[in-house]
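**Q** Line by line, the protein sequences give chains E and F. The first sequence lines up with residues 219 to 396 when you count with the working numbering. The second sequence lines up with residues -11 to 345 when you count with the working numbering.
Any given hint could turn out to be false.
Claimed, not checked - Which bits of chain E does chain F cover? Going by a derived footprint, with three or more residues having C-beta under 8 angstroms, they are:
#: 1; stretch: 331 to 345
#: 2; stretch: 376 to 388
What the hints assert, rightly or not - The calculated lysine-lysine pairs, modelled on DSSO-like cross-linking and capped at a C-alpha distance of 27 angstroms, are:
#: 3; chain 1: F; residue 1: LYS114; chain 2: F; residue 2: LYS202
#: 4; chain 1: F; residue 1: LYS(-9); chain 2: F; residue 2: LYS30
#: 5; chain 1: E; residue 1: LYS375; chain 2: F; residue 2: LYS30
#: 6; chain 1: F; residue 1: LYS289; chain 2: F; residue 2: LYS336
#: 7; chain 1: F; residue 1: LYS258; chain 2: F; residue 2: LYS345
#: 8; chain 1: F; residue 1: LYS313; chain 2: F; residue 2: LYS258
#: 9; chain 1: F; residue 1: LYS262; chain 2: F; residue 2: LYS289
#: 10; chain 1: E; residue 1: LYS375; chain 2: F; residue 2: LYS336
#: 11; chain 1: F; residue 1: LYS336; chain 2: E; residue 2: LYS303
#: 12; chain 1: F; residue 1: LYS262; chain 2: E; residue 2: LYS303
#: 13; chain 1: F; residue 1: LYS147; chain 2: F; residue 2: LYS181
#: 14; chain 1: F; residue 1: LYS313; chain 2: F; residue 2: LYS289
#: 15; chain 1: E; residue 1: LYS356; chain 2: F; residue 2: LYS30
#: 16; chain 1: F; residue 1: LYS345; chain 2: F; residue 2: LYS289
#: 17; chain 1: F; residue 1: LYS312; chain 2: F; residue 2: LYS289
#: 18; chain 1: F; residue 1: LYS312; chain 2: F; residue 2: LYS336
#: 19; chain 1: F; residue 1: LYS341; chain 2: F; residue 2: LYS313
#: 20; chain 1: F; residue 1: LYS202; chain 2: E; residue 2: LYS303
What the hints assert, rightly or not - With beta-carbon atoms standing in for the labels, derived distance ranges:
#: 21; chain 1: E; residue 1: GLU370; chain 2: F; residue 2: GLY187; range: 43 to 51 angstroms
#: 22; chain 1: E; residue 1: ASN369; chain 2: F; residue 2: HIS118; range: 51 to 59 angstroms
#: 23; chain 1: F; residue 1: SER198; chain 2: E; residue 2: VAL378; range: 28 to 36 angstroms
#: 24; chain 1: F; residue 1: GLU233; chain 2: E; residue 2: GLY305; range: 31 to 39 angstroms
Please keep in mind that the hints were generated in silico from the structure rather than gathered at the bench. Fair warning: this is a prediction, and the values are worked out from it, not measured in the lab. Cβ coordinates follow ideal geometry from the N, Cα and C atoms, glycine included.
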Amino acid sequence: MIRILLAGQGGQGVLSAGRFLAESGLHEGKEVSYLPAYGPEMRGGTANCSVIISEEEIASPLCNNPDVLIALNAPSFHKFAPRVKSGGIIIVNGSLSDADAGREDVRVYDLPLNELAIEAGDVRSANMAALGVLCAAKQVVRESSILNCLNEQFAAKPRVLACNESAFRAGIAAVAGK
Amino acid sequence: MSKILLHGTEAICEGALRNGCRAFFGYPITPQNEVPEYMSVKMPQVGGVFVQAESEVAAINMVYGAAGAGTRAMTSSSSPGVSLKQEGISYIACARIPCVVVNVMRAGPGLGGIQPAQGDYFQATKGGGHGDYHLIVLAPSSVQEACDYTYQAFDLADKYRVPVMILADGMIGQLMEPVELPPMRDLSDIPEKPWATSGHYGAGRRVLNSLIIKPEELEPHVNALQRTYDEIYANERRADTYLVEDAEIVLTAYGTPARIVKSAVNELRKQGVKAGCIRPRTLYPFPDDTYAACAERGCTKAFLSVELSLGQMVEDVRLAVNGKKPVYFYGRTGGNVPEEEEIIRAAKDALAKAEVK
Chain E
219 MIRILLAGQG GQGVLSAGRF LAESGLHEGK EVSYLPAYGP EMRGGTANCS
269 VIISEEEIAS PLCNNPDVLI ALNAPSFHKF APRVKSGGII IVNGSLSDAD
319 AGREDVRVYD LPLNELAIEA GDVRSANMAA LGVLCAAKQV VRESSILNCL
369 NEQFAAKPRV LACNESAFRA GIAAVAGK
Chain F
-11 MSKILLHGTE AICEGALRNG CRAFFGYPIT PQNEVPEYMS VKMPQVGGVF
39 VQAESEVAAI NMVYGAAGAG TRAMTSSSSP GVSLKQEGIS YIACARIPCV
89 VVNVMRAGPG LGGIQPAQGD YFQATKGGGH GDYHLIVLAP SSVQEACDYT
139 YQAFDLADKY RVPVMILADG MIGQLMEPVE LPPMRDLSDI PEKPWATSGH
189 YGAGRRVLNS LIIKPEELEP HVNALQRTYD EIYANERRAD TYLVEDAEIV
239 LTAYGTPARI VKSAVNELRK QGVKAGCIRP RTLYPFPDDT YAACAERGCT
289 KAFLSVELSL GQMVEDVRLA VNGKKPVYFY GRTGGNVPEE EEIIRAAKDA
339 LAKAEVK
């Protein structure tokens, strides 16, 4: 069972990235749950979601102590980094945050996700760059599952699909390049 | 059939639509806005009626009318909105009209907050509106159950001619999980309603009313309602148990907290504490037989009710346990959800207190 917490500012695509992860897990025949938490704002404010991907039945859908944290901005990083399980992974958006978790027992992937996304064609696909980093850093779901979900979601929007796909691949490459 | 990923709110709608619900009346309130949003798209596609009413009071009375005419009808709201519906629910119960009311509970009292809570247990199970009546109250704890229970709710409502409430917490509303949807039911398969005010057709007048002025007429009417509730109590109590056979401490919770409790039970077992849990699936009728059976076991030393309230269901647990074992309580309110560790601590405390006794 892997518990993943995705967090950031409203509008950064935290919730949609979480949904892609959950959909991908479902496509692979696993048990999944997706629990969003956000304020009343459409943009701004804070947004996070808990995604669990498991081989067995999922009891609690909460991720108070996640195995993986994806933090797309500094407040989310500092708020949730102390809660990550020892031995866990933190993926932090270096474009908008420092990467000092104040602890040595987690692996931190500090990557400029916004820059990767801008290079891919649209800063709004930083969330997909983060999923690319996740796929390269830990076996959670297959890369092909995420790509299939993207293809389904953006079938009618080829430009959006291309940006998201490039950002996802840039995330994978960024980890490989390190 | 393959599973799809759905929100709890969407699953509630699918459960309703697939069991013949063809009229939905609602008024927006967080955290259940996805129910009317989804219904506004889907209801016209199946030839049904969707109305965004001018208020919760209007919505429940539209349900009164539509369901009275024999249509399977539903309304949905969240805590403060459900309070507004109570007058209508009481009228519907008295007039013996089957319908489904969904409450995706948020934190109260008052306008409260928009995060998950379970503070409406008393309102849902003890009446809510005025007079001697009950609803059947079903408490889903997963998105699949949100679909399945809503589906079943329409059959239960028709069978007993009572309103049925789906009592979900805000977490069920927002949670997404894989769901296997039941097939679309053919409307011709739904039993006739000879009492419905759907037309005279030479068979005599049909009247549905909740005004029964003469005491000598109202008393037998209320007694007949009570006989229905007795029958529901006898037939419809439902609960799931987990590892209770050798449990020293039996935890209990409904809705999503029941899942956190189940995780806590697994962790307690790992730590060597013999824990188990009961999850009521029906809150009215309350599955007191399941608790009574646990209370009889020599190994069981104490019960602990875990709720997103200051202690409501715990009263029914105490009645069911009937003094045979101590019953303790742990709850959070305001939209906070207890973490597994809090529940583990509370369970150990309860067990320690019971051992001192």
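**Q** Run every hint past the structure and note whether it holds.
**A** Hints, verified against the model:
Closer than 8 angstroms: that is the beta-carbon criterion, and the stretch 331 to 345 of chain E has 0 residues meeting it against chain F, so the requirement of 3 is violated. With 0 residues bearing a CB less than 8 angstroms from a CB of chain F, the stretch 376 to 388 of chain E misses the requirement of three and the coverage assertion fails. Among the hinted pairs, LYS114 of chain F with LYS202 of chain F is consistent with the structure: their alpha-carbon atoms are about 26 angstroms apart, no more than 27 angstroms. Taking the CA atoms of LYS(-9) of chain F and LYS30 of chain F, the gap is near 19 angstroms; set against the 27 angstroms cutoff, the hint holds.
Between the alpha carbons of LYS375 of chain E and LYS30 of chain F the distance comes to roughly 24 angstroms, so the proposed pair stays at or under 27 angstroms and holds. Distance restraint check for LYS289 of chain F and LYS336 of chain F: the Cα-Cα separation of roughly 12 angstroms lies within the 27 angstroms cut-off, and the hinted pair is therefore satisfied. With a CA separation close to 26 angstroms, the supplied pair LYS258 of chain F and LYS345 of chain F stays within the 27 angstroms bound. Our distance criterion of 27 angstroms between C-alpha atoms is met by LYS313 of chain F and LYS258 of chain F, whose separation comes to about 25 angstroms.
For the hint pairing LYS262 of chain F with LYS289 of chain F, the CA-to-CA distance comes to about 10 angstroms; that is within 27 angstroms, so the pair holds. Taking the CA atoms of LYS375 of chain E and LYS336 of chain F, the gap is near 55 angstroms; set against the 27 angstroms cutoff, the hint is violated. Distance restraint check for LYS336 of chain F and LYS303 of chain E: the Cα-Cα separation of roughly 24 angstroms lies within the 27 angstroms cut-off, and the hinted pair is therefore satisfied. Proposed proximity of LYS262 of chain F and LYS303 of chain E is supported: the alpha carbons are some 26 angstroms apart, at most 27 angstroms.
Between LYS147 of chain F and LYS181 of chain F the CA atoms are separated by roughly 10 angstroms; this keeps the pair inside 27 angstroms, and the hint holds. The straight-line distance between the Cα atoms of LYS313 of chain F and LYS289 of chain F is roughly 6 angstroms, inside the 27 angstroms bound, and the hint therefore holds. Restraint check: the Cα-Cα separation between LYS356 of chain E and LYS30 of chain F comes to about 39 angstroms, which exceeds 27 angstroms; the hinted pair is violated. Of the supplied pair hints, the one linking LYS345 of chain F and LYS289 of chain F holds, its CA atoms being roughly 10 angstroms apart against a limit of 27 angstroms.
Using a Cα cut-off of 27 angstroms, the hinted pair LYS312 of chain F and LYS289 of chain F holds, with the two alpha carbons roughly 9 angstroms apart. For the hint pairing LYS312 of chain F with LYS336 of chain F, the CA-to-CA distance comes to about 20 angstroms; that is within 27 angstroms, so the pair holds. For the hint linking LYS341 of chain F to LYS313 of chain F, the alpha-carbon distance of about 12 angstroms falls within 27 angstroms, and the restraint holds. With a CA separation close to 68 angstroms, the supplied pair LYS202 of chain F and LYS303 of chain E exceeds the 27 angstroms bound.
Look at GLU370 of chain E against GLY187 of chain F: about 47 angstroms separates their beta carbons, and that is inside 43 to 51 angstroms. In this structure the hint that ASN369 of chain E and HIS118 of chain F lie 51 to 59 angstroms apart at CB holds, the actual value being about 56 angstroms. Here the CB-CB span from SER198 of chain F to VAL378 of chain E is close to 55 angstroms, at odds with the stated 28 to 36 angstroms. Between GLU233 of chain F and GLY305 of chain E the beta carbons are some 35 angstroms apart, a value that agrees with the proposed interval 31 to 39 angstroms.
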